[in-house]
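Residues in the sequence shown are numbered from 185 upward in steps of one, following our numbering.
Keep in mind that the hints were calculated from the coordinates and are not lab data.
Yeah, the Cβ is synthetic: ideal placement off N, Cα and C, and Gly gets one too.
Be a bit skeptical, because a hint or two may be false.
Derived CB-CB ranges, DEER-like [unchecked claim]:
| id | residue 1 | residue 2 | range |
| --- | --- | --- | --- |
| 1 | Pro186 | Leu207 | 14 to 24 Å |
| 2 | Thr225 | Glu201 | 32 to 42 Å |
| 3 | Thr225 | Ala202 | 29 to 39 Å |
| 4 | Leu227 | Ser198 | 13 to 23 Å |
| 5 | Thr225 | Asn205 | 28 to 38 Å |
| 6 | Glu188 | Leu215 | 29 to 39 Å |
| 7 | Lys216 | Val195 | 13 to 23 Å |
| 8 | Val195 | Pro220 | 13 to 23 Å |
| 9 | Ile193 | Arg213 | 13 to 23 Å |
| 10 | Ser192 | Pro220 | 15 to 25 Å |
| 11 | Ser198 | Ser226 | 16 to 26 Å |
| 12 | Leu194 | Thr225 | 15 to 25 Å |
| 13 | Gln221 | Arg199 | 18 to 28 Å |
| 14 | Ser226 | Asn196 | 12 to 22 Å |
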Amino acid sequence: DPFEHVSSILVNVSRTEAGRNLLLDPKRRLLKQIIPQFDSTSLLRKKG
Numbered sequence: 185d186p187f188e189h190v191s192s193i194l195v196n197v198s199r200t201e202a203g204r205n206l207l208l209d210p211k212r213r214l215l216k217q218i219i220p221q222f223d224s225t226s227l228l229r230k231k232g
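When you get a sec, could you build the whole thing from the sequences and use the hints?
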């Protein structure tokens with residue numbers, strides 16, 4: 185699964201204010217794209 189380690193990256197990105205602003209920017213709609221990944225069967229994808 186090429187996206188297994190994305191959750192670890194998201195944790196690191198969200199530690200900074202700039203990263204949180206990027207993730208929460210409504211124009212980018214990143215959270216809307218990320219949330220469905222929590223339903224993945226890959227444990228690494230879900231938990232990092």
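Original post:
Out of the numbered hints, which ones does the structure contradict?
Top reply: Hint 6 alone not satisfied by this model.
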